[in-house]
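Q: Read off the chains here:
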Amino acid sequence: MSTNRVRVVVTGLGMTTPLGGDVASSWSALLDGRSGIRTLTDEWVDTVPVKFAGLAAVDPGEVLPRPEARRLDRYEQFALIAARQAWQDAGAPEIEPTRLGVVVGSGIGGINTILNAYDTYRDKGWNRLSPYTVPMLMPNGAAGWISIDLGARAGTHATVSACATGAESIGYAIEMIRSGRADVVVAGGSEAAIHPLNIASFAAMRAMSTRNDEPHRASRPFDKGRDGFVLGEGAGIVVLESEEHAKARGAKIYAVAAGVGITSDGHHISAPEPTGIGGKTAMLTAVADAGLSAADIRHVNAHATSTPVGDEIEARAIREALPGAPLVTSTKSMTGHLLGGAGGIESIFTILALSERLVPATANLDDPADGLDVDLVVGEPRKLPDGQLAAINNSFGFGGHNVAVAFTSA
Amino acid sequence: MAVTEQEILAGLGKIVNEITGIPASEVTPEKSFVDDLDIDSLSMVEIAVAAQDEFGAEIPDDQLKHLKTVKDVVNFIQN
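Here the protein sequences come in this chain order: R and X.
Per the working numbering, residue 1 is the first one in the first sequence, and the count goes up by one each step.
Per the working numbering, residue 1001 is the first one in the second sequence, and the count goes up by one each step.
Hints are supplied without guarantee of correctness; some may be wrong.
Stated by the list, open to error - Which residues of chain R face chain X? A partial, calculated answer using Cβ under 8 Å:
(1) 65
(2) 67
(3) 131
(4) 132
Worth flagging that the hints you see were computed from the coordinates, not collected in a lab.
Computed from a predicted model, the values in this text were never measured in an experiment.
Ideal placement from N, C-alpha and C gives every residue a C-beta, glycine not left out.
Start from the sequences and build out the full structure, keeping to the hints where you can.
A: So this is what it looks like as structure tokens:
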């Protein structure tokens, strides 16, 4: 390990989720074990086999001024809201624009815009399309709008790696700061994909839970009765900063963004590689990148989406990679799966677990699958010990993306 | 047509407010859309389409670029 490498710290947090419109309300709902999953009331639910989802607790249209909201896709709305929260939380740092970067991606992008715009084109003609259609549908739109909002000129990037997007964005941002391209980077992921076409398409893969009679119990990672993931929406965005820059301005430091590990399965476009070697190697790479030992990791916010195959492979990878008996939880049991937003909000939950010394329980974990052999947090949140602590957020995505981000306590 | 200049101005103010958030009271005849109201070309397209719906007067693209001020648009619609 290089000893003179730039250390990257987390100085701001922002999110809007199915549990709450900000970090405090989402975190407190997690600790209470509340579910953000609701029955959908749209007319189209009759046409799809899944009739529930994790709708954002606070509609972005209630937060943003109408002229702004109408030129943003819903995923861009979530991202801008979360980015502004994170920026304010970081104390809106004074920074030279050429030293400020943005890395915010989405798994799918502005799909609601694409589908609605196609209807408009087909039914009313091309000249009825909003001139904002293209900036609303492009998956780098959120990053672009955030860079305009904050005046960021050190580079704006949008990683796209399905459900690993948010974590990969944070990993990329860490590298931007380490390499000297920026002192401060706003990073995370966003998704707004609760649309019948998405639900139908994921259902066509047989990837979604169809527990329509008990929506709040449908997302049950690691449980024997799990039958697929539950779609959620929202965004999670952090402000990352070089430690030197953060300390010079007296910023509050939540945690150190200590290391990142990225691997690819090179195996199947959607199914996880069965031995879990990709996830395991990502975790071990993140540990090494952070200058830690594998046994130092005391908590893992698992990717665990509640699919029959993925959860067990991840448990095995954690067990094999991390010998320090980390407390494992899947907050997707309450938020649902935010796809490209997942790595953003779950990195924040990992950071809060370190700073609050408290790991939320996995909801609905009534009967753990056999042979998981990891220390799952069930029932009540569990305390983490005092002293220096390290934790990992895992995010894996269709396409075979495996991203692990290691955080250490401030 | 029965629509008066004042009615067009008021309608245009409402459209500009809806699309950009600029108070309708600031949409006065002498104002330039770009220089005074800071409205970009994409929003101008939205405004033109909304004005067509409201007043039934089509504003072709090659005309739109010559309509610099609020008064220009009001006059175009009236004629």
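Q: None of the hints should be skipped; say for each whether it holds.
A: These are the hints, each one checked on the structure:
1. 65: Holds. Min distance 6 Å.
2. 67: Where the cut-off is 8 Å and the nearest Cβ of chain X is about 4 Å from residue 67 of chain R, the hint holds.
3. 131: holds (4 Å)
4. 132: holds (6 Å)
This entry satisfies every hint, going by the numbered hints stated previously.
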